[in-house]
Amino acid sequence: MNLDSVPAREPAVVSKQIGGEAVLVHPVQGMIRVLNPVGARVWELADGKRSIGALATLIAAEYDAPLELVEADILGFCEDLERRGLLKPTPLQ
Amino acid sequence: MLILSVAGLRIALSVDSPALIDPLRGRYAAFLADAPEVPALRLDVTAGARGEARDPAPSPDPAIRFLALDAKGERYAIEGTAARGIMDLPRDEATVSLDPRVAPAQLEYLLRALYAYLALREGGLLVHAAGVCYDSRAWLFIGPSGSGKTTVSSLSEGARVLSDDLVAVRPLAGDWRAYSTPFWNLESVTPARPGEAAPLTAIYRLVQAREVSVEPLALAAATAELVASCPIVNADPLQLPHLIETCRRLAASVPVARLFFRKDPGFWAAIGRPAEDAS
Numbered sequence: 000m001n002l003d004s005v006p007a008r009e010p011a012v013v014s015k016q017i018g019g020e021a022v023l024v025h026p027v028q029g030m031i032r033v034l035n036p037v038g039a040r041v042w043e044l045a046d047g048k049r050s051i052g053a054l055a056t057l058i059a060a061e062y063d064a065p066l067e068l069v070e071a072d073i074l075g076f077c078e079d080l081e082r083r084g085l086l087k088p089t090p091l092q
Numbered sequence: 014m015l016i017l018s019v020a021g022l023r024i025a026l027s028v029d030s031p032a033l034i035d036p037l038r039g040r041y042a043a044f045l046a047d048a049p050e051v052p053a054l055r056l057d058v059t060a061g062a063r064g065e066a067r068d069p070a071p072s073p074d075p076a077i078r079f080l081a082l083d084a085k086g087e088r089y090a091i092e093g094t095a096a097r098g099i100m101d102l103p104r105d106e107a108t109v110s111l112d113p114r115v116a117p118a119q120l121e122y123l124l125r126a127l128y129a130y131l132a133l134r135e136g137g138l139l140v141h142a143a144g145v146c147y148d149s150r151a152w153l154f155i156g157p158s159g160s161g162k163t164t165v166s167s168l169s170e171g172a173r174v175l176s177d178d179l180v181a182v183r184p185l186a187g188d189w190r191a192y193s194t195p196f197w198n199l200e201s202v203t204p205a206r207p208g209e210a211a212p213l214t215a216i217y218r219l220v221q222a223r224e225v226s227v228e229p230l231a232l233a234a235a236t237a238e239l240v241a242s243c244p245i246v247n248a249d250p251l252q253l254p255h256l257i258e259t260c261r262r263l264a265a266s267v268p269v270a271r272l273f274f275r276k277d278p279g280f281w282a283a284i285g286r287p288a289e290d291a292s
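Protein sequences, first through last, are from chains A and B. Position 15, counted from 1, in the first sequence is what our numbering calls 14; the numbers after and before it change by one each time, with no gaps. Plus 13 on top of the position in the second sequence (first one is 1) and you've got our numbering.
Since the hints were made in silico from the structure, they are not lab data. Mixed in with the good hints there might be a few duds.
Sample of chain A residues at the chain B side, in silico, Cβ under 7 Å [to be verified]: (1) GLU9; (2) PRO10; (3) VAL13; (4) LYS15; (5) ILE17; (6) VAL22; (7) VAL24; (8) ILE31; (9) VAL33; (10) PRO36.
Everything numeric in this text was worked out from a predicted model, so none of it was measured. Even glycine gets a Cβ: it sits at the ideal position worked out from N, Cα and C.
Chain B with its partners taken away, still in its complex shape:
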């Protein structure tokens, strides 16, 4: 069994296939924990559902759908091109059967989705964002694919990057903290230490432009931008009321603004990172 720990949320991962467990151990090595704490979720994976023998190899598309089995959004059927299973949130468990030909990709997507649900359940969010840390403070940069999240990460010299794709945020003692995750796009920037977290200073919605400027967002617009940046759960009608309220609470506590930026580090001056934090 592997214990994966992201933002303090542990998934106890049980895999019946030796051929799959070693790659998983390598893929998530930096986020594996060994302390036997009670996990947030137990995930049992069976790598054996090949489907019909006549079937061609499954599509490489790893997308998995979560279909609600009740009106509360607590139990879900898990369905993908090569995945079948159940997620039962009240029982803190999920079981899934994966086609071994595409199991690593399906499992990566499944873990991202499970963490999206778990983070929301715990009052936090898994945000499609680049998270950048200078000293003890974190900034989030949100926007759709291609908006510049990886670019901003690589332009932040001396920073530790929590992730350039998915960052977890959770409330803690009246504050919001941003956490590193193993879910990355590129390895071209200096990753933060696994499990690293820092108080969240501000969130910027990236907009590529010729000139750098910052435009604060009103609470409703900020909430909408955050909802748009929380994949998986923002497509689930049963989770939306809780998601919108969680995003509203985050936007009410942490400044959210549009950042019009060009591809140079000058945006940090507009953001106002204190000089003592600058490297």
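Bound-form chain A, shown alone:
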């Protein structure tokens, strides 16, 4: 993945926002994961239409954080979720 990658939530994953965090359940893999509020926001925004760079720009603005740091954090976060089968990259439209 890179900043131009467009991540999408794995359709098999069932998720629910709870108390600002998110609970993700992948029933096929038997995996359950809790995302903190920033992760939950990224998960919400990962709709297969926005690039990781665009996601980072939104998050940096919402949290008033330096864009370069946010880009690196979100890229790493998305790569981690991809390794776990929770996110998948989609081709650029």
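Chain A is already provided as a structure; the job is to place chain B on it using the hints.
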């Protein structure tokens, strides 16, 4: 016909094999009811599906899969190593054909699974947990196999144990109650009376450690731990939204924490069981 009653949920069990019915009557004797109330589910069992004559004896693995036949999660095909059938929740009925060579094990697993679906349908849960009662209060201890559920049960001197493997919980009048089940791992502890229930005081996720401590869980983490502790239905994508919401409601009403414990009864002091409840 046998009427099995767990957590107030009745399954009317009809078995066509005399060779199977007597062992079942013995196995679930303490949970059999005779009042002719409307059951939550009627289960018709045919013990005769031997498969092809050339087939070897089926695997002893009793696992049964529930394959959704619709998009709502209401009708399922039941498939196991030696089981075939249908579960139709809107019609409150299930039919299954079992290979008689492994029927008792398959039927035990099937009943556990059916109660997982029924409990969730009724707004409750069948939880992979040890349930421990002191006087009129219940505590649940959750965690995967090997985490210490049976150990905690046996370390709870004077307690009545609802089960050391699967406990039913249901909401009742703004409260959550924990119920005994016939689904046990070991018989090494004092079982609660069949049908016994008590208000649920707290739920602890067991973590073996050198020192005892308690770490409260935030709502999302608590919900996730509960979802992980509800077998069968937590692997069913169609039930997951309802399951997650039910677990969230339970976690919002009953404290959920990690319990770091070692193999002695000292954890009860950390949990804070009131002195008047102590035996």
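Evaluated hints:
Violation of the interface hint for A:GLU9 is found here, the shortest Cβ-Cβ separation to chain B being roughly 12 Å, above the 7 Å cut-off. Interface restraint check for A:PRO10: the shortest CB-CB distance to chain B comes to about 10 Å, outside 7 Å, so the restraint is violated. Against a cut-off of 7 Å between C-beta atoms, the interface hint on A:VAL13 holds, since the closest Cβ of chain B lies about 4 Å away. For A:LYS15, the interface hint holds, since its Cβ comes within 7 Å of a Cβ in chain B; the closest pair sits about 5 Å apart.
Evaluation of the A:ILE17 hint against chain B yields a held restraint, the C-beta minimum of about 4 Å falling below 7 Å. With 7 Å as the threshold, the beta carbon of A:VAL22 comes within range of chain B, its nearest partner Cβ sitting at about 5 Å, so the hint holds. With a cut of 7 Å, the hint placing A:VAL24 at the interface with chain B holds, because the nearest CB-to-CB distance is about 6 Å. Look at A:ILE31: its Cβ gets to within about 5 Å of chain B, closer than 7 Å, so that hint holds up.
Residue-level restraint check for A:VAL33 holds (minimum Cβ-Cβ distance to chain B is 5 Å; threshold 7 Å). Given the 7 Å rule on beta carbons, the hint for A:PRO36 is violated: about 10 Å separates it from the nearest Cβ of chain B.
Checked against the numbered hints given earlier, this structure breaks hints 1, 2 and 10; the rest are met.
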